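Asker: Residue numbers (this note's numbering), protein chains in the order written: chain C, 10 to 315; chain Z, 28 to 592; chain G, 486 to 811.
Note that these hints are calculated values from the structure, not bench results. As the structure is a prediction and not an experimental result, all values here were calculated from the model. Do not rely on the hints blindly, as some may be mistaken.
As the list claims (entries may be wrong) - Simulated pairs of lysine-lysine, DSS-like, Cα-Cα distance not exceeding 30 Å:
| id | chain 1 | residue 1 | chain 2 | residue 2 |
| --- | --- | --- | --- | --- |
| 1 | Z | Lys561 | Z | Lys279 |
| 2 | Z | Lys479 | C | Lys216 |
| 3 | Z | Lys176 | Z | Lys257 |
| 4 | Z | Lys589 | C | Lys216 |
| 5 | G | Lys609 | Z | Lys172 |
| 6 | Z | Lys275 | Z | Lys231 |
| 7 | Z | Lys581 | Z | Lys561 |
| 8 | Z | Lys176 | C | Lys204 |
To be verified - Among chain Z residues calculated to face chain C with C-beta under 10 Å, some are:
| id | residue |
| --- | --- |
| 9 | Pro42 |
| 10 | Gly46 |
| 11 | Asn47 |
| 12 | Thr49 |
| 13 | Arg340 |
| 14 | Arg386 |
| 15 | Gln423 |
| 16 | Gln427 |
| 17 | Ala499 |
All residues carry an ideal CB built from backbone N, CA and C; glycine is no exception.
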Amino acid sequence: MIGHLHRIWDSDLCWSFRQSPVAMVSACISTVLIVCAILAPLIAPYNPFDPSTLNLMNGFSRPMEPNPFTGEIFLLGTDDQGRDMLSTILYGMRISLFVGFMAVIFAMVLGVLLGLFAAYAGGRADAIIMRIADVQLTFPAILVAILIFGIAKGFTPVHLRDQMAIWVLILSIGLSDWVQFARVARGAALVEVQKEYVEAAILIGRKPGIIIFRHILPNVVSPILVIATISLALAIILEATLSFLGVGAPPTEPSLGTLIRIGQSFFFSGEWWILFFPATTLLMLALSVNLLGDWLRDALNPKLGE
Amino acid sequence: MMALLEIKNMMVEFPNRRGNFTAVEDTSIEVAAGEILGIVGESGAGKSTIGNAVMGLLQAPGRLGEGKVYLNGSRIDGLSGEQLRKLRGNRIGMIFQDPMTSLNPIETMEMQLVETIQEHLGLSQNEASTRAVDLLERVGIENAKERIKQYPHQFSGGMRQRVVIALALCAEPELIIADEPTTALDVSIQAQILDLIKELCREKQVGVILITHDMGVIAETTDRVAVMYKGRLIEAGSTTDVIHNPRKPYSKSLIAAVPPSNRKIERFPKVAMDDSDGGRLQNFDLSSHWLGRGKRFKDTGNALISVRHISKRFPLNSAILKRKRTYIDAIRDISFDVMPGETFGLVGESGSGKSTVARVITGIHPATSGSIVFADTDLAKIKSGAERRRIRRDVQMVFQDPYSSLNGRMRVGTIIAEPIIVNRLAGTKVERESVVLDLLDLVGLGRDAARKYPHEFSGGQRQRISIARALATRPRFLICDEPTSALDVSIQAQILNLLKDLQEQLNLTYLFISHDMPVMRQMCDRIGVMRNGKLVETSETEALFNDPQHDYTKSLIELMPKFTK
Amino acid sequence: MLSYVFRRAMQSVLVLLTVGLVAFSMFRFVGDPVENLLGQERTDADIERLREQLGLEDPFPIQYWEFLTRAVQGDLGISFRQGRPVVDIFIERLPATLELAFVSAAFAFLFGVLFGIYTSIRRKGFLTNVILTGSLIGVSLPTFLIGILLIYVFAVELGWLPSFGRGDVVQVGRWSTGFLTESGLKALVLPSLTLGLYQMTLIMRLVRSEMSEVLRQDYIRFARARGLSDRTIYFRHAVKNTLIPVITIAGLQLGSIIAFAIITETVFQWPGVGLLFIDSVQFVDIPVMAAYLMMISVMFVAINFIVDMLYLAIDPRLRDGKTSFS
């Protein structure tokens, strides 16, 4: 067991992690942010969705200063409704991360399955799948996501719209992103399919399904992992963008993007903190995940080593 | 007389995370004008590094640690980048291994030649153009005036290598460093390129350093040879001396491992410096062992496998519409028999279709037409899946590239156990594990290997793992598709010995595929010669070498590098 | 080669037909068009008449054909929300978006390619580090935040540039341009910077990784071994080989600039088609959504087609049909 841990510690990936302060710092930041988001109900000082804790008198409290009317102090201030910004951000981050992770998982499962199938089957199936992917790739993710969101909105009954919004959001971000996974999985799998161990597996009598999942999949994990990390950052940004545009998370379940949308209207009139703190959180989250993805790509691709 | 190039005590190191890797150590070499010096060695010997170090082209983070390099008496190591650049191409030319990637794909040959000529000789556009055409004619390109306007993809591999040589000759260099210049080429083209290099060397009194792993090329081409091993110079001397009277143990073993082209030997002599050979399975008795079980030998005197008129065509593109597809015929109308216990060889140059034959027989690519009868069963007539799997189990394959034929994510033990599990060949887990260990012993790897991953092994050891996996289905027919072409020559000798031993111990029948005529001579009982997807001649091995019938066979035998001890 | 051009053209038409089908399906199936067109005051007879009039009783392929014919003739229906022909609204708003996209694309390409080449040649160094760090922040910073930041600095704090709108525009025929007035040009600066910055980052990273790949190729090593100067190697051999694959992806990028304009237009209240589209999504104004989808796909397909033809002109390997795109 200790030997095993030592091997992981001594592996090239770990070594390059220990060599890269940027990777370590961003891993720390993203871990802290993710843990905070998960534990939001436990660590947030207030529940921003509980109307009984809200006091309109607390509205527009400045950060770290006692409110002139009630004398209460809020670490990051309050918004117009008197909601504690820190709690709102924690809950908002929870929604941003939930949507991001679910969308990436959805895109990954769909894309990797189709990509592996296309690579292994080849021929017509491959041509059709990749042609669809190419066409979709022509349309930027944001446009695809907005369109799917718009169409889904047309289909959902009005009274369910707010409840369904999060899932529609996941669906639209996921569907806009599967192509990346399909292309990467197919590209990597095509290289693997050419390798002789796949032929060896056929010769000993393995069936195609098992060859794809037991032999090929483990060998294409690295590039998929890189894409997944970068996609997570993109999904978080895309979610924030959609919510900012008003076609994402509903005001009843505000994500970081929704908070920025709300904060924008107060930003230029002096209440800067309502926008500033959600925006900084979003930037930290996206930047740390992006930096991790960037490091991971270089570390897993020895060709790029200079 | 002063040497053209003199390397004194060269040391090249590559700093890495675990310290310094020394690629070349304490190596001194001289080349005279008009002489071809061969540097020979196996992978990791540091032979290419010497060439790159002389040119000042070491890949980062490599650096010249110690030593001096003199060109015509003046020191050239430690020159500034700009001074070195002026030297490259002007006084020292270089030829790389792969002509397919050495030329800029989107510029014409003319542009690449002219820019090089102008860089060094300062001629006008027109003068440079004329000179470029002259150069192409000199390296044997016909219609040079027209062809110079073409792009690299319009040239064949051999022609591209001629252009690469012309590019190296642009400024009439005093020295040419050729790094494996023919490794990527077929035998027939290899001979032409080597002739060209020899001719240039005599004619212009150019000094040539020919870096190669191929003893045959050394024997045929060079005047003197330097043998390298793990970054050190082992011995140097005239080529005839070193080949016939090697003095150092490594040179002796290296030369002993080269398959002779003129006769058949029973076994390769045991090589002194091999990395694994031991732990042979003791007191192995086939009749009582798992490996001997379930053999259904009815020696009816029939062929074990009969291939009749098989053809295979591949689609060239994957158009969605059927009528838009185009096809290529990889093999056409191939027929041969393989008798039980014999080794049948298929030889041919790249693209001759020999590997396709292997994949048609194994069923990886089903034949477009023709029939295959295995152990008196027509494979096309098998109906049940169980029957098909049972037959397929009898036919296994050893692959060319030991680095891609093993799944890097699985432990060696799991890799070898997989065929046993899939085909339910062992009753219990205990039995299965003991069979895996026995197989590892049988191929000479030792039982510890089971717990390790493929990347912990060298190329030769991986090939042994690949053989053990093939044996784990208890096959009767083993297809060896270029099993040693990716290996160093001393490792090749071990693997060939192992294959011979296994054939004897387990009564195996082989289909042995290779492009290497001397290797074929050592391994095969009968040989079929393939060209452009067709079988042009089939004959007993010695008869084929001594009295080839077909013109193509004659040229293959004529052009193979002769290596005789 | 001609057959390749023809095949590409056919593919483009196929893509357009597919997108048209999606757009039409939106019309037909998302919500009830009759309900959307008629107000609360309606009779069964009205509904019947309208269904007849709209051809909703016809078989699906015929309806699709009618839809396509009308679309080609410039009839894209009537906006549910504004009650005006969609085409009129688009003609009014398109110049704003196109001018914005043009300026930001020029900016993104110019600096993206320059920075990309610079950072792959000088792999270390102060400026390279600054550019690379900036690019990582660039891809992590959502476009709308860049916009807000720029407004805060240049419009609110410094007061140099306007924070919203197009400024004064001049009508040239039916085209309203902001290029001809000072306030129009000033108003363009912040939005096009916002829109171009992210695209520039992407192009820069792409050029850098492609060029690093090219610099590792054998023909570059061989060019060094022939003693060619760094300038020749970088700018004659490497850059040209780099730009071939970059062109395709950069073409896609150009398309996405028009799509990303949605965000920029929202932040800057820029009166273009993006703003129109996002409003139509919020109010489920299907005809506008469908028209936007078709307009943007015509643009994308055209860009792609042009890019492929460009490719053909640059890469000698393709002219001989040695390799195919699929």
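Asker: So, as I understand it, the hint says Gln423/Z touches chain C; can you test that by seeing if any CB pair is closer than 10 Å?
Answerer: holds (6 Å)
Asker: Min Cβ distance, Gln427/Z to chain C: is it shorter than 10 Å?
Answerer: This interface hint holds because 7 Å falls under the 10 Å limit.
Asker: Does the nearest C-beta of chain C fall within a distance shorter than 10 Å of the C-beta of Ala499/Z?
Answerer: Result: holds, 8 Å to nearest chain C Cβ.
Asker: If you draw a straight line from the CA of Lys609/G to the CA of Lys172/Z, is it 30 Å or shorter?
Answerer: violated (44 Å)
Asker: Identify whether the interface hint at Arg386/Z stands, where standing means a beta carbon of chain C within less than 10 Å of its own.
Answerer: Status holds, d = 7 Å.
Asker: Arg340/Z was flagged as interface toward chain C. Is the shortest Cβ-Cβ separation under 10 Å?
Answerer: Hint violated; Arg340/Z Cβ to chain C Cβ min 14 Å, cut 10 Å.
Asker: Take a quick look at whether Lys176/Z and Lys204/C sit within 30 Å of each other, Cα to Cα.
Answerer: Distance of about 38 Å is beyond 30 Å: violated.
Asker: Does the interface hint hold: is Asn47/Z within less than 10 Å of chain C, judged Cβ to Cβ?
Answerer: violated (17 Å)
Asker: CA of Lys479/Z to CA of Lys216/C, is that 30 Å or under?
Answerer: holds (26 Å)
Asker: If you take the shortest Cβ to Cβ gap from Thr49/Z to chain C, is it below 10 Å?
Answerer: Check failed: Cβ of Thr49/Z comes no nearer than 20 Å to chain C, outside 10 Å.
Asker: What's the verdict on Lys275/Z and Lys231/Z, does the C-alpha distance respect the 30 Å limit or exceed it?
Answerer: violated (34 Å)
Asker: Given the proposed pairing of Lys561/Z with Lys279/Z, does the C-alpha separation stay at or below 30 Å?
Answerer: This hinted pair is violated, its Cα atoms lying about 40 Å apart.
Hints 1, 3, 4, 5, 6, 8, 9, 10, 11, 12, 13 from the earlier list are contradicted by this structure; the remaining hints agree with it.
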